[in-house]
Every structure is written in structure tokens, then in C-alpha cells.
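> So the chains spell out like this:
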Amino acid sequence: MAAITLNNVRLRGIVSCVPKATICNLDASEERRPERERLVRNIGIHTRRLCYPWQFFSDLARSAAERLLEAVDWKREEIDALVVVTQSPDYPIPATAIIIQDRMKLPTTTIAFDINLGCSGYPFGIFTLGSMLSSGGIRKALLLVGDRCASIDDPIFSDCGTATALEYDPDAPPMAFDMNSDGSGHRAIILPVGGHREPTQMHHLIARKDENGDLHRDVDLIMDGTAVLNFSTQRIPPALRDLCEYAKVPMTSIDYFVLHQANRMINETIRKKLQLAPEKVPSTLYDFGNTSSASIPLTMSVRLRDALTTRAATVLMSGFGIGLSWGSCIVRMDSVVMPELVEV
Amino acid sequence: MSEAVAIESQDVLAFVDQFALAVDFQNPVPVHGDTRLTDLPEWDSLAALGVIVMCDTEFGVAITGNDLKECRTVADIYARVLAKKGG
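Listed in order, the protein sequences are those of chains A and B.
Going letter by letter, the first sequence gives residues 1 to 344 in our numbering.
Going letter by letter, the second sequence gives residues 345 to 431 in our numbering.
Hint data in this document are derived by calculation from the structure and do not stem from the laboratory.
The following label-pair restraints were derived from C-beta to C-beta distances:
1. A:Leu-26 - B:Ser-389: 16 to 22 angstroms
2. A:Asp-169 - B:Gly-404: 40 to 46 angstroms
3. A:Pro-192 - B:Lys-429: 34 to 40 angstroms
4. B:Thr-401 - A:Tyr-246: 25 to 31 angstroms
5. B:Lys-429 - A:Arg-305: 41 to 47 angstroms
6. B:Gly-430 - A:Ala-277: 32 to 38 angstroms
7. B:Pro-385 - A:Ile-111: 55 to 61 angstroms
8. B:Leu-357 - A:Gly-195: 48 to 54 angstroms
9. B:Val-373 - A:Arg-103: 53 to 59 angstroms
Result set (BS3-like, lysine-lysine): computed pairs, CA atoms no more than 27 angstroms apart in a straight line:
10. A:Lys-273 - B:Lys-429
11. A:Lys-248 - A:Lys-273
12. A:Lys-140 - A:Lys-105
13. A:Lys-272 - B:Lys-429
14. B:Lys-428 - B:Lys-413
15. A:Lys-272 - B:Lys-428
16. A:Lys-248 - A:Lys-272
17. A:Lys-273 - B:Lys-413
18. A:Lys-75 - A:Lys-105
19. A:Lys-140 - A:Lys-75
20. B:Lys-413 - B:Lys-429
21. A:Lys-209 - B:Lys-413
22. A:Lys-273 - B:Lys-428
23. A:Lys-20 - A:Lys-105
24. A:Lys-280 - A:Lys-248
Ideal Cβ placement from N, Cα and C applies to all residues, glycine included.
Using the sequences and the hints given, assemble the complete structure.
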């Protein structure tokens with residue numbers, strides 16, 4: 001898609017919610033400690049959040065949404081749309097957004113549906129709801145984004161659910177978007193079993209040692225690390241330059257570049273290629289890991305709370321990953337409502 | 345060897361240093377142009393990512409995972425970088 005501008009849409013508030021349970025990537029037996037230190041040094045991820053067995057993405061998202069409704073002072077009957085961006089639905093079907101509509105006691109007039117995207121998902125969610133709001137056909141909408149993707153063994157992923165309030169406002173500054181897809185890379189990050197093309201069978205549940213000596217089952221996520229690294233570091237820098245050019249916003253006048261938090265190697269390479277100062281590129285990798293589609297709102301919640309709640313700032317957000325898919329947007333934010341991080 | 349590079353050249357020596365930094369060995373390991381990648385104690389997925397990042401940021405060249413699989417020695421990687429840079 002070519003770049004596109006949305007008018008009349010205001011990003012009113014953001015709340016992020018993480019599980020209280022913390023896991024440290026350095027926790028290992030004494031003899032494996034140097035190996036773990038090398039890992040942490042390179043991926044930049046020290047601590048992650050992990051859902052308890054009874055906690056799900058929808059619980060985190062709902063906690064964030066309840067806190068957000070209270071903070072922006074919206075009434076439930078005013079919510080016209082609820083869109084969920086997740087790859088951790090409560091069930092394969094029906095859509096988690098519809099289940100949350102009921103659990104939050106939102107009216108049955110609420111439009112509710114899910115979008116199946118991961119790390120790139122946040123800009124796509126804003127774009128989808130923004131397009132619905134822009135005409136004024138609907139006035140208030142909630143975007144719930146995130147995943148329950150952490151496991152004890154995998155050192156990258158971390159759990160988080162977020163809620164973003166978007167509203168129709170003719171005085172809002174324009175938002176500029178650039179969204180892209182390249183399905184030829186769909187095997188770079190894939191859960192290959194459990195869908196219609198490859199239904200789960202008994203043999204898929206048997207764990208085998210992979211090339212790194214770790215146990216892997218066919219029902220576990222597969223990630224081609226080098227392909228994802230090449231994709232992210234080759235595609236994103238030119239995409240961000242092009243978006244700035246389209247929006248007629250020089251890179252130097254962007255206050256913050258909030259990138260999907262993939263890992264330190266990917267994020268630092270993108271930052272260096274764009275020659276951006278570290279203070280303009282906030283990071284939550286060390287404390288919260290890769291929280292999939294939640295990483296952009298989470299990073300704003302915990303790193304930019306002072307900056308975005310007290311003054312105006314121009315923020316460029318960029319999500320990239322599974323699909324392959326990448327989307328970016330430039331949003332002028334002014335006095336956004338951002339309550340403290342919720343921990344449940 | 346089709347991608348032969350004079351292993352004693354200064355450029356290769358400099359590349360070997362950058363390679364060693366990128367792999368981030370837990371303990372110092374002697375590395376030379378003709379060192380076989382599979383003989384290294386830490387030629388793992390993390391090392392591959394580090395080397396790809398180094399080739400990108402230092403040489404402006406996109407080396408892929410497949411490129412690395414086709415390389416036998418450190419000098420082979422350097423030859424691949426030069427070939428891509430020239431091409």
C-alpha cells in the first residue's frame with residue numbers, strides 16, 4: 001500500500017498491563033552462566049514477564065482496558081468498536097474481541113473483531129480503527145493489542161496486553177501511515193502445525209533435539225533468526241525514511257522513534273543505520289523482552305510517560321515481523337492519558 | 345577454493361578481528377582467515393546474527409543465513425562480503 005494519511009483521529013490514551021511473574025535470562029546453573037551472559041549481552045534482554053498458567057492475553061488486555069476506560073472517563077455505552085490484535089486468542093474461534101465485549105459489559109452495538117498479526121500489529125490496529133473513526137461514523141474505539149508468547153526456555157518473548165483509546169476529533173493532527181506485507185517470507189516465523197493445512201496429530205507432540213540441542217516439538221513456534229534479522233534491518237530503515245518524506249516531517253523533527261522491541265541486535269542496527277541518537281529511541285528490551293505487538297505501546301507506557309502526558313511530541317512508531325509484515329505511522333501526540341503500568 | 349582470498353592480507357586480518365568481536369566468544373579463541381567456522385566453540389545462531397550485523401554496519405552488505413551456510417572459513421565470509429560489495 002502507498003503511504004496514506006488519516007484525519008480526525010486522536011490517540012487519547014494508552015495503558016499497558018504485564019503479569020507480575022518475572023523471569024531472568026541469567027538464571028542458570030553455574031556452568032551455563034557465561035553462556036547466558038553472552039546471550040543477554042547480545043539480545044539485550046535480561047528480564048521477562050510470564051503469565052501464570054491461569055492467566056491469558058485476554059486477561060491482561062481486559063485489565064488494561066478497564067484501567068483505561070476509568071482514566072479517560074468513557075462510559076461503556078459510548079464504545080463503538082473494540083478491535084483485538086493478537087496471536088494468542090482464548091480459543092481458535094470465536095474471536096477474542098467478542099468475548100471481551102461481553103466480559104467488559106460493552107453494548108451489543110459494539111463492533112468487535114480480531115486481527116491476526118504479531119510484532120507489526122500495533123500500527124495496523126491504529127490504522128484499521130483510525131479508518132473507521134476518520135469519517136465520524138463511529139466516535140470512540142478501543143484497541144487491545146498484545147500476546148501471551150513467553151515461555152521459560154525461550155529467552156526472547158515476554159507477555160503483555162495493552163489498551164489504546166482512539167476517538168473521532170476534527171481538531172486532531174493528521175496521522176501518516178505506511179503499511180506493507182511480504183508473504184513470501186511466511187515461513188520465517190511460523191507455527192506450522194494446528195491449522196487446517198497441518199492439523200495436530202500425536203506425533204507432532206513428541207519433542208526432538210534441534211540443531212542447538214534444545215528440545216523442540218512441531219507444535220512450537222519456528223523462527224529463522226537470520227531471515228528475520230535480514231528482513232528487519234534491510235526493510236525498516238528505508239521504510240521510515242520514505243514515510244517521513246511522504247508526511248513532510250524531517251527525521252530531525254521526530255521526537256521519539258518507538259520501534260518494535262525485537263532484540264538488541266536488530267534494534268541497534270536499525271538505529272545506527274538511521275543515525276538516531278539513543279535518547280530518541282526508547283527501549284524496554286532489557287526489562288520486558290520482546291512483547292510482540294504490545295512492545296510499542298508498552299515502551300511508550302514505561303519510557304515516555306512523562307514526555308507524552310505533559311507536552312506535545314511527534315512520535316514515529318514502527319512494527320515489523322511475522323508475516324512478513326511491517327507498518328509504521330507518525331502520530332502527533334498531545335497530553336495523552338497514560339496511567340502507570342498495571343501489574344496483575 | 346573458488347572464493348580464495350590471500351589469508352595473510354591486512355584486510356583479512358582486520359576482518360578476522362571484527363569477526364571475533366561479532367561472535368563475542370566467552371573465552372579468547374585464536375581465529376585466523378583459514379579457521380574453519382565449525383571448529384569454533386561458539387559458531388551458533390547468536391554468532392551468525394552478530395556476523396550478519398557486523399557485515400551490514402561495517403561494510404554495508406547484507407549477508408544472509410544461506411551465505412553463511414555456504415562459507416567454510418572466516419576468509420570465505422570476507423570473500424562473500426567483497427563479492428557482494430563489488431556486485
